[in-house]
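Trainee: From first to last, the protein sequence lines are chains A and B.
Heads up, the first sequence stops at 478 in the numbering used here, and the numbers go up one at a time, no gaps.
Heads up, the second sequence stops at 191 in the numbering used here, and the numbers go up one at a time, no gaps.
Please keep in mind that the hints were generated in silico from the structure rather than gathered at the bench.
Backbone N, C-alpha and C define an ideal beta-carbon position, used for all residues, glycine too.
Any given hint could be a false lead.
Claimed, not checked - Now the in silico label distances, taken between C-beta atoms and shown as ranges:
{"id": "1", "chain 1": "A", "residue 1": "GLU97", "chain 2": "B", "residue 2": "GLN179", "range": "26 to 36 Å"}
{"id": "2", "chain 1": "A", "residue 1": "ARG105", "chain 2": "B", "residue 2": "GLY141", "range": "51 to 61 Å"}
{"id": "3", "chain 1": "A", "residue 1": "ARG362", "chain 2": "B", "residue 2": "GLY164", "range": "48 to 58 Å"}
{"id": "4", "chain 1": "A", "residue 1": "ASP333", "chain 2": "B", "residue 2": "ARG115", "range": "31 to 41 Å"}
{"id": "5", "chain 1": "A", "residue 1": "ARG86", "chain 2": "B", "residue 2": "GLN179", "range": "12 to 22 Å"}
{"id": "6", "chain 1": "A", "residue 1": "GLY376", "chain 2": "B", "residue 2": "LEU160", "range": "49 to 59 Å"}
{"id": "7", "chain 1": "B", "residue 1": "LYS118", "chain 2": "A", "residue 2": "GLU97", "range": "50 to 60 Å"}
Claimed, not checked - Example chain B residues on the side facing chain A (calculated, C-beta under 8 Å, incomplete):
{"id": "8", "residue": "MET(-6)"}
{"id": "9", "residue": "GLN16"}
{"id": "10", "residue": "PRO19"}
{"id": "11", "residue": "LEU23"}
{"id": "12", "residue": "PRO62"}
{"id": "13", "residue": "SER69"}
{"id": "14", "residue": "THR187"}
{"id": "15", "residue": "VAL190"}
What the hints assert, rightly or not - Just some of the chain A residues that point at chain B, by a computed CB distance under 10 Å:
{"id": "16", "residue": "LEU30"}
{"id": "17", "residue": "TYR32"}
{"id": "18", "residue": "ARG56"}
{"id": "19", "residue": "ARG58"}
{"id": "20", "residue": "THR63"}
{"id": "21", "residue": "VAL84"}
{"id": "22", "residue": "ALA234"}
{"id": "23", "residue": "HIS254"}
{"id": "24", "residue": "LYS259"}
{"id": "25", "residue": "ASP260"}
{"id": "26", "residue": "ALA264"}
{"id": "27", "residue": "SER267"}
{"id": "28", "residue": "SER324"}
{"id": "29", "residue": "LEU334"}
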Amino acid sequence: MGRTLAEKVWDAHVVRRGDDGEPDLLYIDLHLLHEVTSPQAFEGLRVAGRRVRRTDLTIATEDHNVPTVDIDQPIADPVSRLQVETLRRNCEEFGVRLHRLGDIDQGIVHVVGPQLGLTQPGLTVVCGDSHTSTHGAFGALAFGIGTSEVEHVLATQTLPLKPFKTMAITVNGALPEGTTAKDVILAVIARIGTGGGQGYVLEYRGEAIRALSMEARMTICNMSIEAGARAGMIAPDETTFAYLAGRPHAPSGKDWDAAVASWSRLAGDPEAVFDTEVVLDGSELEPFVTWGTNPGQGLPLSGKVPSPEDFTDPSEKISAQRALEYMDLVPGTPLRRIAVDTVFIGSCTNGRIEDLRAAADVLRGRTKAEGIRVLVVPGSAKVRRQAEEEGLDQVFTRFGAEWRQAGCSMCLGMNPDQLSAGERSASTSNRNFEGRQGPGGRTHLVSPLVAAATAVRGTLSSPADLAAVPAGR
Amino acid sequence: MEKFIAHTGVGVPLRRSNVDTDQIIPAVYLKRVTRTGFEDGLFAAWRNQPDFVLNADAYRSGSVLVAGPDFGTGSSREHAVWALKDYGFRVVLSSRFADIFRGNSGKQGLLTGVVDQADVERLWKVLEDAPGTSVTVDLRERTVTGGGLSVPFEVDDYTRWRLLEGLDDIGLTLQHVDAIAQFEQQRPGWLPTTLPVP
Ligand code: SF4
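Produce the complete structure using the sequences and hints provided.
Mentor: Laid out in structure tokens, this is it:
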């Protein structure tokens, strides 16, 4: 019987088949750590007198708590500082490679792994962070785990797991100009719902997906978790191989040939059967934004704020009502009329170099809407350096945006970059939950293009809404 | 891990669906490096509202949470489970749970039972009509009883066995350490390692 991509990767990692309803024991090729979900795992190891089984398959970076300005100063918040210092102490004690604040390979864990070439097709990748699904863009089986699982992987380099169900998401056609990977995934989540992917690995395929760059594919896989899925995957192809070639941890020489041969066998068999299939026409998509407080509450930018009455499902109706109250939105308002206070460009969803380039292309030669705060936060120190080499930082600062150091920043209310109560943002991050960007903050999830156009007009907008830049500017 | 066979305690009706882990414990509480003391973060935003269910005296000592569908969605933070446990909850019942949350719960000895939404509604009614009602959650029988009701819940056999035996994961896996070593022997040499490259 044919197997899907996810099933092939799974089968290649079974250390021991579970019998009788028992989970399989799966080998883990790459374990990523950060300061928030690891302290208790190391504490557990210490208490039990255990060591890290494979320090050579483990790597750590500091991201969630780190400030994005004045990074040479001690972290002001004592609790954040304690978490970061605890990670440093644990990595030293257990012999784990760590990229600290200030280091060129520091950054958001899901930006750093691919950038180093550590994320490769066919691997199993885990991290104590739900957006580990990002790495599935390479054809890796990558998923978030909880802290006790982090401890389990540290101690054994394996995880007991039950096979996931498989769902194919086929996006046919070519995306229209101005419609990006972010819009595709927001549309997918709006279609299948925040619970629609539960128990599944989503495999994205079809013409629109094949045409995407690696970074765009990462944006899609990143947000699979927002549909409730365990992981998202895309079969590796020439785009994947070209991205990996020459990266620090990618194989080289004879090893490269062996690796490519192996990676090329990963694509799902044509006769493989998925548990569920969803098909979208990519050519009909347009920029997508969220109006509510979960990532499934989104609509095309040309739409209007819905009314709770538009929903037939009673729990969706209640959820919409609550969301509208929290978001302080009136049903029927065109989404394009919603004015924001802050624009955030960054996160593991959209904090890579292509995202910054896309935003800079919109902002170049234009002026910031009055009273708007714009934060541009690269996903890693390397992305920051590259952006500066390309002069993007100049575009951002000339526009009036704040050009920050790498980290999770305003993606979550955990470091100093936060919304204040009632403040409204257009954000390229992945979660619009109540208070996610700071207590009382209101979040609209958008693509980098929409974020940039919104920074120009002050209301949710796409680049198509902008007047042409006068010649010579 | 403590064995879970049956538990009796006050049932708390939480009439909300899609309770994500940011609501269960907001990010600001995740900064600790210990494994205990997370009870103050539980539903922190809601507990500031006087009419929130846990602020009523009758429910304050609750240990069986009865929630709407899609409980525990969002971030994989295990702190959500610790917060519920540290507060005193031993059981959460809902018609649907997020997978990661459910997995995390089973490992920490917090029982997540799947109950039909119709039964959730009946439980809510009983618990609201008589605040402070105790219910008994019997893992052997897979039933919730109390206030004149008795409804079944689902939990998969493996998680149930682990909870009944109070078994810890790592210990279980290390019984197969030879198989792990054998697997490592046959991994291709070109697979990446995190050792610094020159
Ligand atoms: S950028 Fe946001 S979603 Fe990504 S790892 Fe950081 S906090 Fe999590």
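Trainee: Which of the listed hints are broken here?
Mentor: 5, 8, 18, 29
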